[in-house]
Amino acid sequence: MSSFSFSRLADYFRAVTVLDATGDVKKQRAIAELLGLADAPRVESETRVEIDDATKIRESEVKPAGTPRAGSSSPGPTAPRHRRKRVAFTIESIPAGFVRRPAWLDDQEILEPPPDVLPRPRQPEPLLPRRSSRAILSTAMATRTETNQLDVHALLEGELRGEVPQSIPRRVVPSLARGIQVLVDRGPSAAPFDADQKLLIEQIRAVGGREMISVVALDPSRQFAAAAGDDEWSDYFTRYRPQPRVAVVLVTDFGIARVPFERTATTDEWLRFLARLRAGGNPVVAFVPFAPRRWPPLLRRYAAIVQWDRRTTVHSVRRALRRNLR
Amino acid sequence: MSETSTHGIHGDRRDGIYVWNDKINLAVDVALATGRPLLLRGATGSGKSSLAMAEAKKRGWRYYEQTITSRTQARELLWEVDQLARFHEARRSDGDDPLPVSRYVRPGILWWAINRESALGYATAEKDPNFNRDRNGKRVEHERAVVLLDEIDKADPDVPNNLLVPLGSYRFQIDESMEPIQLERGEPPLIIITSNGERELPPAFLRRCVEYFIEDADEDRLLTIAKKHFPTIPRQQLKGMFDAIVAARPSDWNGPALPSPAEFIDCINAIGNLTTVTPAEIARLVVWKSSASERTV
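Taken in sequence, the protein lines are chains P and D.
First residue of the first sequence: 205, per this note's numbering; consecutive thereafter.
First residue of the second sequence: 11, per this note's numbering; consecutive thereafter.
Next comes chain P alone, as it looks inside the complex (with noise of 0.2 Å):
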C-alpha cells in the first residue's frame, strides 16, 4: 500500500463510499482506475471506513486484494521464467536513416529469426535522467516570448526617464509557442548513438507537442545535407531554414567520435553552420553525448552545449543558456 499517495486513497474511499460502491467489486476497480489506482484495496461491504478529511483515513478492516503491486519488479511465484538466447548482430543494427548504409541491403530478403531465439527488444535507458528529463528538456528549448500581459517595469523605466512610449511594452517568459526544429546529426560519427537519439526525439515531442516539434536529419560529412522524413537531401538553408527565433535542438557529437575512413565535418565548418544559423535568428542549443572537455570549445560562442548526459541538471542547462546569451 505505500506505493498509494495517502490523498488518493482517501479520495478512492471517500468516493467509494459516497457513490455507495462498498461491495461492489466492479464499480471499486473503476473508481480505482479513474483516480489512477493500479490496485487498490478491495473495501468489503462490511468494513467501516472513516474519513476526517483528504490526508486522514482511519480504517478498521481493509484488506489489500493480494495482487502484486503496480510496477513492481520481481515476478509472482506461479510467473514462469522466459530465460531468451542473446544475438549478438542482426542486420536490422544498421539504422536505415544512415547515409553510409550500404545499397545492396535495400536488395536483400530479411529472415525472419526463429521464434525461440528472438531476442528480447531491450529498450536502452534514456541518456537523460528520467525524472528531471521534462524539466531540462522545457527549460532547453523555451525561447523568451512576449505574453498579452503588460511589462510595468519596463514602462515604469520609460516613465522614470520621461520618454513617451512607442509601443506597449509586453511581459516577455520562456515559451514553447513558437515551436522547435530538432536537427538530429545522421552522419557516420553519431551513428553509435542512433538509439539514443530516437528516445530523444521521443522524449522532445512529449514536452513540446507533436505539433510543434519538426524534425531535420542532418549529415554533417557532406556539406550539412539535410533531409525529412523521405525527402531527398539538400541545402540545409535552402530547405530547412526556420523561422526567424524558432529555436533549433540540435541532436549531435560535433564529431567528436572520428570514425575511420570516414569524413567528419571540422570545428570551422561547424562555426561557420552554427553562426549563419544564429545571424538568421535562431537561437541553438546542443545536446551532445561527451564531456564538455571534449567539446570545440569554439562552438559555445554559437550555441549552448548541453551535455547529453544522466548527470545533466536543470541547473547546469541554465548556465549553458546563460553563457550562450539566449
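Keep in mind that the hints are not guaranteed to be accurate.
For lysine-lysine, the following DSS-like pairs were computed, each having C-alpha atoms within a straight-line distance of at most 30 Å [what the hints assert, rightly or not]: (1) 148/D <-> 137/D; (2) 299/D <-> 231/P; (3) 237/D <-> 148/D; (4) 68/D <-> 231/P; (5) 148/D <-> 238/D; (6) 249/D <-> 237/D; (7) 249/D <-> 299/D; (8) 299/D <-> 148/D; (9) 137/D <-> 237/D; (10) 68/D <-> 230/P; (11) 33/D <-> 230/P; (12) 249/D <-> 231/P; (13) 299/D <-> 68/D; (14) 249/D <-> 238/D; (15) 33/D <-> 68/D.
Distance ranges between label pairs, derived from CB positions [to be verified]: (16) 371/P <-> 111/D: 18 to 26 Å; (17) 441/P <-> 92/D: 41 to 49 Å; (18) 520/P <-> 229/D: 53 to 61 Å; (19) 111/D <-> 369/P: 41 to 49 Å; (20) 433/P <-> 148/D: 53 to 61 Å; (21) 267/D <-> 515/P: 41 to 49 Å; (22) 518/P <-> 54/D: 31 to 39 Å.
These aren't lab readings, by the way, just hints derived from the structure by calculation.
All residues carry an ideal CB built from backbone N, CA and C; glycine is no exception.
With the hints as your guide, set chain D onto chain P.
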C-alpha cells in the same frame, strides 16, 4: 446503460445535447465526490468538450470555459490586471488621486467559478463570463459551476504545474492586493479538462486529476447520438446515411474506421442542407480526409 439528454441548437458544443453512459456518469461522480478535476482524453470529436456544458445544463450550474492556447498563462485563468487601462488613467489624471491597482484587477474564469461573490467585488455582474443561460436567455445563477479548460495540452509545460494549487485546493492569492480567494461554502466546481494528447502532461498534474478516456463511438452509439441531435429524422434514415458514409471510406484509409460523433453530426447536417452533393462526397470532405488519417488521441 442509462441515457439522458437535453435539447438545444445543433452543432454547438454549448447546446447541451449529450448522450451519457454509465462510465461517463461514474467519472463525473468520482470527480465530484473527490473534488478533483476530471481530465478527459479521446479522439477529436468524441465529445470531450461538449460534456462540460451538458453537465452544467443538466445540473443547472453556472458554466465557464476557456480554450487553452500555446500562449495561455496560468494566471489569466485566475485573474488579470488591466495595467494598460491603469496606465492611461494615470496619464490622464492630475496625479492627486492615486490609482489603486486593485481597481484594475479582472477575475478569471476559475475565480468566478470558485468564489463568484468575491469576483463581484472586482467586476460587475455583466462581466460574469457564465455561458449557461435558461430558456429566456437569462444567465443561470447557482452557487456551483462547471469549468471547461479545453485542450490543456496546447499550453506550455509550466501552465499545468502552475495550476496545481488552485485546482487542488481551490485557493489562490491575488498578488497585487494580497487578497486570498477560496472556495465559497465548501462546494467545489466541477472542472473538466480536455487533452488531445498533443504533449504529455506533468505527472504531478495527472496525479491530481480523475482521468477518463472516451472510447471511440460504435455504430449504435453514433446512431443514438445522431437521434438526440436530429429527433425528427427516423433512425432508419440515419442508419442509411451512416452506411453511405462508411461505404465512402477509402481502401487505403489508416485512421479510425468510423466517423467521430462530431463528424457524423456534421455530415448529417450537410446531407440535409446540400441536396446536390452525394453523402459519399460529403463524407470525403468531412470524415475521410487525408490529413485526418493519423488522428492522435
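Hints, one by one, checked against the model:
1. 148/D <-> 137/D: holds, 14 Å
2. 299/D <-> 231/P: Since the Cα atoms of residue 299/D and residue 231/P sit roughly 39 Å apart, the hinted pair is violated (cutoff 30 Å).
3. 237/D <-> 148/D: With a Cα-Cα distance of about 28 Å, the restraint between residue 237/D and residue 148/D holds, given a limit of 30 Å.
4. 68/D <-> 231/P: holds, 23 Å
5. 148/D <-> 238/D: holds, 25 Å
6. 249/D <-> 237/D: With a Cα-Cα distance of about 10 Å, the restraint between residue 249/D and residue 237/D holds, given a limit of 30 Å.
7. 249/D <-> 299/D: Cα-Cα ~22 Å, so holds.
8. 299/D <-> 148/D: Violated, at roughly 40 Å.
9. 137/D <-> 237/D: violated, 36 Å
10. 68/D <-> 230/P: This hinted pair holds, its Cα atoms lying about 26 Å apart.
11. 33/D <-> 230/P: holds, 12 Å
12. 249/D <-> 231/P: violated, 33 Å
13. 299/D <-> 68/D: violated, 35 Å
14. 249/D <-> 238/D: It holds: about 14 Å lies between the C-alpha atoms, which stays within 30 Å.
15. 33/D <-> 68/D: At roughly 17 Å apart (the allowed maximum being 30 Å), residue 68/D and residue 33/D satisfy the hint.
16. 371/P <-> 111/D: 18 to 26 Å: With Cβ atoms ~23 Å apart, the hint holds.
17. 441/P <-> 92/D: 41 to 49 Å: Holds - the Cβ-Cβ distance for residue 441/P and residue 92/D, about 44 Å, lies within 41 to 49 Å.
18. 520/P <-> 229/D: 53 to 61 Å: Because 55 Å falls inside the window, the suggested range holds.
19. 111/D <-> 369/P: 41 to 49 Å: violated, 19 Å
20. 433/P <-> 148/D: 53 to 61 Å: For residue 433/P and residue 148/D the Cβ distance comes to about 54 Å; the hint holds.
21. 267/D <-> 515/P: 41 to 49 Å: Distance hint for residue 267/D, residue 515/P holds at roughly 47 Å.
22. 518/P <-> 54/D: 31 to 39 Å: holds, 34 Å
The structure fails to meet hints 2, 8, 9, 12, 13 and 19 from the earlier list, while all remaining hints are met.
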